[in-house]
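Chains as they are written, first to last, in full-length UniProt numbering: chain H, 1 to 719; chain Y, 1 to 349.
Zero decoy hints are in this set.
What follows is a set of in silico ranges between Cβ atoms, one per label pair, in the way DEER data are often shown:
#	chain 1	residue 1	chain 2	residue 2	range
1	H	697	Y	92	18 to 24 Å
2	Y	246	H	499	39 to 45 Å
3	Y	157	H	529	45 to 51 Å
Examples of chain Y residues lying across from chain H (beta carbon under 10 Å, computed):
#	residue
4	39
5	41
6	42
7	44
8	71
9	112
10	152
11	205
12	296
13	318
14	319
15	320
No wet-lab data here; the hints were simulated from the structure. Ideal Cβ positions, reconstructed from N, Cα and C, are used throughout, including at glycine.
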Amino acid sequence: MALPMLVGGSDCGPSNPLQGLSKRFDQDRGLQQDHFGAGRAGSSRITFRSAQTSSQRVDQDAARFFSSERASPQQLASSSAFDLSAMHNSLPQTPMTMQHPAQAQHPIAQQHGPAANWAADFLQMPAAQSSVVMQQEAAVSQQQQVTPGLPQGGAHWNPLMAHRMTVSPPLMMPMQAQQPAIKANHINWDQEFQSQENAIAVTTTQQPAAQEEEAADSQMTQLPPQATDELAQIAGKLLDHVQGEQNPKFQQSQFMTLMKQFRDGEMVVKGNAVVENDGEVQRGDAKGKGRAVEPGLAASSPQASEQPSSYFPMEYSATTVYQERQASIADEVRARLREQDQEQGYQEVVDENDAYFRQENEEYIKYWDNQRSQPVLQHAASTPWDHLQADWDQFEATTAGIRPVENYQFQTNNPYLLGDSSTRHHMLHHEQSIYESVLELEAAVQRDMNNASAWYMLGVKQQENERESKAIQALRRAVDLDPKHLPTWLALAISYTNDSNRQGTHDAVREWVDANTTYASVVQAYRAAHPVPVEGPMTDQFNDLIQCLIAMATSGAGGDVDADVQIALAVLLNTNEDYGKAKDCFTTALAARPDDWLLYNRVGATMANSGHPQEALQYYYRALELNPLYIRARFNLGISCINLRRYDEAAGHILDALSLQENDGVRDGTGMNEKRGVTSAALWESLKTTCLKMQRVDLATLCDHHDLDGFRANFHIHG
Amino acid sequence: MNVPRAPPAVLQNPGFAHYSVKWSPFHTTRIALASSANFGLVGNGRLHLVTVNAGPGAGTLRLDKQYDTQDGLYDVAWSEIHENQLVTGSGDGSLKLWDAMLNDLPIRAWHEHTREVFSVDWSNIKKDTFASSSWDGTVKIWTPEHPRSVATITAHHSCVYQALFSPHQPDVLATCSTDGTLRIFDLRAPAYVASGPTTNNFTNPLSASALTIPASNTEVLSIDWNKYRPFLLASGGVDKAVKVWDCRMVKLGGNETGAVGGNCETQLLGHEYAVRKVQWSPHRAEVLATASYDMTARVWNTMPPAGQSQLMYIHDAHTEFVVGCSWSLYDEGVLATCGWDSRLNVFRI
Chain H
1 MALPMLVGGS DCGPSNPLQG LSKRFDQDRG LQQDHFGAGR AGSSRITFRS
51 AQTSSQRVDQ DAARFFSSER ASPQQLASSS AFDLSAMHNS LPQTPMTMQH
101 PAQAQHPIAQ QHGPAANWAA DFLQMPAAQS SVVMQQEAAV SQQQQVTPGL
151 PQGGAHWNPL MAHRMTVSPP LMMPMQAQQP AIKANHINWD QEFQSQENAI
201 AVTTTQQPAA QEEEAADSQM TQLPPQATDE LAQIAGKLLD HVQGEQNPKF
251 QQSQFMTLMK QFRDGEMVVK GNAVVENDGE VQRGDAKGKG RAVEPGLAAS
301 SPQASEQPSS YFPMEYSATT VYQERQASIA DEVRARLREQ DQEQGYQEVV
351 DENDAYFRQE NEEYIKYWDN QRSQPVLQHA ASTPWDHLQA DWDQFEATTA
401 GIRPVENYQF QTNNPYLLGD SSTRHHMLHH EQSIYESVLE LEAAVQRDMN
451 NASAWYMLGV KQQENERESK AIQALRRAVD LDPKHLPTWL ALAISYTNDS
501 NRQGTHDAVR EWVDANTTYA SVVQAYRAAH PVPVEGPMTD QFNDLIQCLI
551 AMATSGAGGD VDADVQIALA VLLNTNEDYG KAKDCFTTAL AARPDDWLLY
601 NRVGATMANS GHPQEALQYY YRALELNPLY IRARFNLGIS CINLRRYDEA
651 AGHILDALSL QENDGVRDGT GMNEKRGVTS AALWESLKTT CLKMQRVDLA
701 TLCDHHDLDG FRANFHIHG
Chain Y
1 MNVPRAPPAV LQNPGFAHYS VKWSPFHTTR IALASSANFG LVGNGRLHLV
51 TVNAGPGAGT LRLDKQYDTQ DGLYDVAWSE IHENQLVTGS GDGSLKLWDA
101 MLNDLPIRAW HEHTREVFSV DWSNIKKDTF ASSSWDGTVK IWTPEHPRSV
151 ATITAHHSCV YQALFSPHQP DVLATCSTDG TLRIFDLRAP AYVASGPTTN
201 NFTNPLSASA LTIPASNTEV LSIDWNKYRP FLLASGGVDK AVKVWDCRMV
251 KLGGNETGAV GGNCETQLLG HEYAVRKVQW SPHRAEVLAT ASYDMTARVW
301 NTMPPAGQSQ LMYIHDAHTE FVVGCSWSLY DEGVLATCGW DSRLNVFRI
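Between the sequences and the hints, there should be enough to build the whole structure, so can you do that?
Below, the structure is given as structure tokens:
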């Protein structure tokens, strides 16, 4: 399995192509088992038959797609110049590829120099030999005979191929310039070609099948061509790699011999063994043209490994035998197909398709040439759109109401909306109550949609409840209503930090600074001393803002220690991943507000982010002491436990957090379909990770289904 | 350099490409061989137990026992706690524990890895513990008694070719991978790379290593801890060079994780293809054996006296890739090598 380890280096890139190889093998085996499971050749024939019909239908569909495309190629290209996915999808099935797989492979071969060219030629042959593709070989050569202009056709192909491989602007570049891309997609190409070849081969056989069913069926061999081909390619690559090797050991190596045989298609992997390509042998025998092929590994002994003797006889002059055989069979098939063609007028069909595709290609090339030669024109055409876009942007920026704010989705069936609002009123006396549920706060907002502080409280509550997107929506609404409310800006900055939105964090803190009247003079003085270009890079803006906040903190304008300044500073530092300093700021703020559970959680999170989950725990515990319903702290505690590998504990905490989230919902009167509170996917994901770490796959599955009851029921049963 | 020596003792096991060879830590003459049919591409595996008999030169080799498996065997490790037991790693992701006194079937089997298990290693400090590394990117820690792995380390995002316990520190483990790095893990330290605002490791967690050594631009296939100098590691891989790394800067047990470093002390150049196995001598701190795809095994002196070459010996007897080598623990200077030519060679340097 270790071939690419040997090859490595430049050819193979960072990924391990061997993985692909072994995957192939797995697939291969599966297919083989299917085949042999069927038992008789007859049933596998039936499988092939049904495949034929379906693939033909696909071909027709694809053809339809293409004909409509031909009607308006301009439209297609201009509406989605770079979104060619639809085309991409349809291409592999298109009869277009029937045109010339062999030629399209040439560019690949050329990259490797003459030697590899030879190798690539060989790579095709085993494919043809090993399977259904046999007839394809013949069909292709026939086309060559019929239409000598085909080499050009192959060239026309290129732009299209370029589309499929790299959906990047320089589509019209000549093939040479695209070689790196081709190289990268080498394998894909070949796979796709292979599948196309199969499709074509199938359609090709379809017609003779009507008349010469027997003959057609006898040509179908049992090997999945694609897998064999892949192996052959890897073997070829490996051989290329050691080609210059002078060491006689390499020339005599049995392994290298086997690789050659793989490459040339003489040996294939069948099930769990390496065997000679017997499909070919059988066929040859049936026609009485079998050569004296020494069955080094008899197909009759599938457990090859049981054979004690050396099974890759070196004296086996395989190449010549193979070539002879190949040639004779190809001739025969070719001859037979030609007869059929004459009978059926098949040739006409080929020509028609051919003409169609050539025209298609020409149009395409013309189109792209135009694109390239007239960039200015294109620009001119798009100018009105640019204007419109600019206008719209301006309009959007200036009109608060039009901005596409995602609307806050309230939970339905909120019981607090039904009764009178007296229960809530007395609570408003408290600055921050832990007993209010999201539903209460939502009800308050819904009663007075323009109350900025209600929106703010809802936002903070949603933050605590670990529902970041809802928190951001609510807080945005609050600042729209009252841009002077400082705590909202700070809360928003924190939400953006959690959302990994650096720009948002920066802007929110900046707004907070701008709106903060206490420090207006300090800020003014600072900005006068340090003018910063508004459009500077992100880091500069951040650093400037941090310096500004430090100036504010040191000015002492807000009393001894202004916790808010420290928090703002800490948030920025946190976003900058400067966790040590952020922690200092938070702890300073904590000294000013020793009972703020939000702060404890923030200190904890900062510690955890800087890789000290152990120390973070105590802060989370304190936050939870102050507010046992604080979901975010509970979740954070769980995450720190994961990081400390205390998975059991972690699962418990996250489960608690989920339960709390869920309880914040509504049950409708019937009890039939309960509306649970919205649980957040992040919690479930973390819980799932934990379960996997605990080796509890059963629980992880429940996480996938967001099945809280099931999870609770199973959590303490140790599987 | 290559003074005439007695020819190596040879044992051939036709049909099976050898993947790994290990001397028993309990018996002076026992060797275990892990091998695979069809060069490990597809098919069965076989575990061979071999005895070295005294005789002229390096003696003769006798095949004592063999165990067949469903899938190719890529590595074998002797138990450090039980003289007759060995564990093997297999192409289907399974591990099997064998007892040399019994025939045919393993006494225990585990199947957790999702890809090929490419190395197994038995800790010689915590003697009830062994580790396996797999192409699925994980290293798993096991004890024979537990039906499931004791711990899983997501060591790399790509194939982990080898995982080895430190011979000096319990709970310290080194790995090497397709990604070109060596990593040293402290199994007692916090397990995961911290998740910051910009990185999410919850859904795709990677274990935190105490030290990451960017050893090569391409795959690193093998590593070994020096048996005398703590935190000295040798590595070999696709870049054909053998490198000796001084990793004493590693901080264990602390909260500091994710350090990157490693000081390349020596480079040994000479192999013409990828180096598949590196193995420090158990007797001399400066001697190192390597096996390579260039069909040779070589022995090196990493600190040669002035004026002398690093290369001490080239063993050229194999006719296919040499993939395994192992020093006798009892007989100084005796090396066993194995390769895809189905031959085991034992010789004295």
